[in-house]
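Number of protein chains: 2
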Amino acid sequence: MQAERCGLTAPVGLVPTMGYLHEGHLSLVDAARRENPTVVATIFVNPTQFGPQEDFKRYPRDETRDLKLLETAGTDVIFIPDPAEMYPPGYDSWVDIGGITARLEGAARPGHFRGVATVCAKLFNITRPDVAYFGQKDAQQVAVIKKMIAELNMNFSISIQPTVRETDGLAQSSRNSYLSAAERRAAPVLYRALSLARERWQTGETDANKLRQLITKTIGEEAGTKIDYISIADNATLEELTTVKSPALVSLAVRFGGTRLIDNIVL
Amino acid sequence: MQAERCGLTAPVGLVPTMGYLHEGHLSLVDAARRENPTVVATIFVNPTQFGPQEDFKRYPRDETRDLKLLETAGTDVIFIPDPAEMYPPGYDSWVDIGGITARLEGAARPGHFRGVATVCAKLFNITRPDVAYFGQKDAQQVAVIKKMIAELNMNFSISIQPTVRETDGLAQSSRNSYLSAAERRAAPVLYRALSLARERWQTGETDANKLRQLITKTIGEEAGTKIDYISIADNATLEELTTVKSPALVSLAVRFGGTRLIDNIVL
Numbered sequence: 110m111q112a113e114r115c116g117l118t119a120p121v122g123l124v125p126t127m128g129y130l131h132e133g134h135l136s137l138v139d140a141a142r143r144e145n146p147t148v149v150a151t152i153f154v155n156p157t158q159f160g161p162q163e164d165f166k167r168y169p170r171d172e173t174r175d176l177k178l179l180e181t182a183g184t185d186v187i188f189i190p191d192p193a194e195m196y197p198p199g200y201d202s203w204v205d206i207g208g209i210t211a212r213l214e215g216a217a218r219p220g221h222f223r224g225v226a227t228v229c230a231k232l233f234n235i236t237r238p239d240v241a242y243f244g245q246k247d248a249q250q251v252a253v254i255k256k257m258i259a260e261l262n263m264n265f266s267i268s269i270q271p272t273v274r275e276t277d278g279l280a281q282s283s284r285n286s287y288l289s290a291a292e293r294r295a296a297p298v299l300y301r302a303l304s305l306a307r308e309r310w311q312t313g314e315t316d317a318n319k320l321r322q323l324i325t326k327t328i329g330e331e332a333g334t335k336i337d338y339i340s341i342a343d344n345a346t347l348e349e350l351t352t353v354k355s356p357a358l359v360s361l362a363v364r365f366g367g368t369r370l371i372d373n374i375v376l
Numbered sequence: 110m111q112a113e114r115c116g117l118t119a120p121v122g123l124v125p126t127m128g129y130l131h132e133g134h135l136s137l138v139d140a141a142r143r144e145n146p147t148v149v150a151t152i153f154v155n156p157t158q159f160g161p162q163e164d165f166k167r168y169p170r171d172e173t174r175d176l177k178l179l180e181t182a183g184t185d186v187i188f189i190p191d192p193a194e195m196y197p198p199g200y201d202s203w204v205d206i207g208g209i210t211a212r213l214e215g216a217a218r219p220g221h222f223r224g225v226a227t228v229c230a231k232l233f234n235i236t237r238p239d240v241a242y243f244g245q246k247d248a249q250q251v252a253v254i255k256k257m258i259a260e261l262n263m264n265f266s267i268s269i270q271p272t273v274r275e276t277d278g279l280a281q282s283s284r285n286s287y288l289s290a291a292e293r294r295a296a297p298v299l300y301r302a303l304s305l306a307r308e309r310w311q312t313g314e315t316d317a318n319k320l321r322q323l324i325t326k327t328i329g330e331e332a333g334t335k336i337d338y339i340s341i342a343d344n345a346t347l348e349e350l351t352t353v354k355s356p357a358l359v360s361l362a363v364r365f366g367g368t369r370l371i372d373n374i375v376l
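Respectively, the protein sequence lines represent chains A and B. Each residue of the first sequence is one higher than the one before, counting from 110 in this note's numbering. Each residue of the second sequence is one higher than the one before, counting from 110 in this note's numbering.
Treat the hints as calculated values from the structure; they're not laboratory data. One or more of the hints may lead you astray.
Given that identical chains are not distinguished, each listed pair holds provided it fits within a single copy or across any two copies.
[As the list claims (entries may be wrong)] Cut-off 20 Å, straight-line C-alpha distance, at most; resulting in silico cross-link-like pairs (EDC-like, lysine to aspartate or glutamate):
#1 LYS354 with GLU331
#2 LYS255 with ASP205
#3 LYS255 with ASP175
#4 LYS354 with GLU314
#5 LYS319 with GLU308
#6 LYS255 with ASP201
#7 LYS177 with GLU132
#8 LYS255 with GLU194
#9 LYS246 with ASP139
#10 LYS335 with GLU348
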């Protein structure tokens, strides 16, 4: 990939993925395609960002379908490294981003963002993008990678694309494939709850606790949901707010049976 | 620096320093000069690689003299960042290299190599070298940076230059300026002890403990010395050896009054 990179026409747009692509990923490829002569995509289910009890082994994979989708979308280069090549025996080099990684997903998934930052640093060094494309769906990941790029002086920009949703509002995610039919019917409650909070805020409610309660109550009305967290936080520092001040990130993680989904909106 | 970098003729040779230059640094510039059309040097006394009880504040500085020496040696670009620019308020991004950093200097100076790896990653991202030049004098630093470059897939090479010594054998170091006249007279014992161990090994001694004892005894014969460590280790993993097997790194850290000096040879 490093050798191939030398021959590519700049600027190069990078779309890093864990595969099992959906319209969210393809919207990143579309944006990269519009803005760069060369689009590089990576497919790598990164073991170091999964906890020991998490879904690394059963994370959905379909390389044949992914390759077709990426080719149709106009990807020039697809990089699919082998885990043993990315993490050879004795591997022990890590990028740790402090502060914002301790909250929300970082609190629920210890070590997750160390894995994310490390694999992104590696993929950035290998593909040397001019612009890297990420989805707003993973809002905290976006904040962590922005901080890493700025603080480690990586010399390229990041472009954040809006969350792509199903017609009923459910954010597209590879993990939606885990949902049973009943869970799938229940899952749109996440975006319904976020949208209710946005409406309430737009009509004057700035008490963050009242908005958190509204979201909690709305999600609780669906049977079989289990809330991991409901957060209303500063969009850059991810510190929880008492009074909503724009831009605020409203984010949540909720379990439907064994499946954990996340979603967010920015007020 | 990042903007300046775009106009430079490749390959670019990088010489990262903490300033207060001596012939060791200048030998790195010479090597970079011979092998690259462009030579970039950096001067930055990196606060994050000093412990709270260490000599960050009193570390010797002489920018005027450094600039003259670098210019005479044929440096094209000299980058002298401000600490507040390298580590702005809220800074919290770190590169941690595990394993080999726990031993020797890492054991004696907790956090030291996290600071070294982080500042090097930043300087590498800012200056984007084709070859980076380091001195064998800081052998463990060399091992850490080699591991970081390989494992984080940084796309350039590293060139290690031999330790430059005074005529009496003392390894050149900015910290030699701390030595009193008496300490300066005693300090060549380090290289004398290392050389004795090498002779003994060359004439057939492979028992690492016997060589460690020889070094310890030789240094102990100088008054006012205090040994931090004497190590005979695998040159790549830095694991201590029972039987010397080439290439082995023989390294030591010894205090002369308040001044801590390091030196090493490879068998």
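Contradicted hints - numbers only: 1, 3, 10
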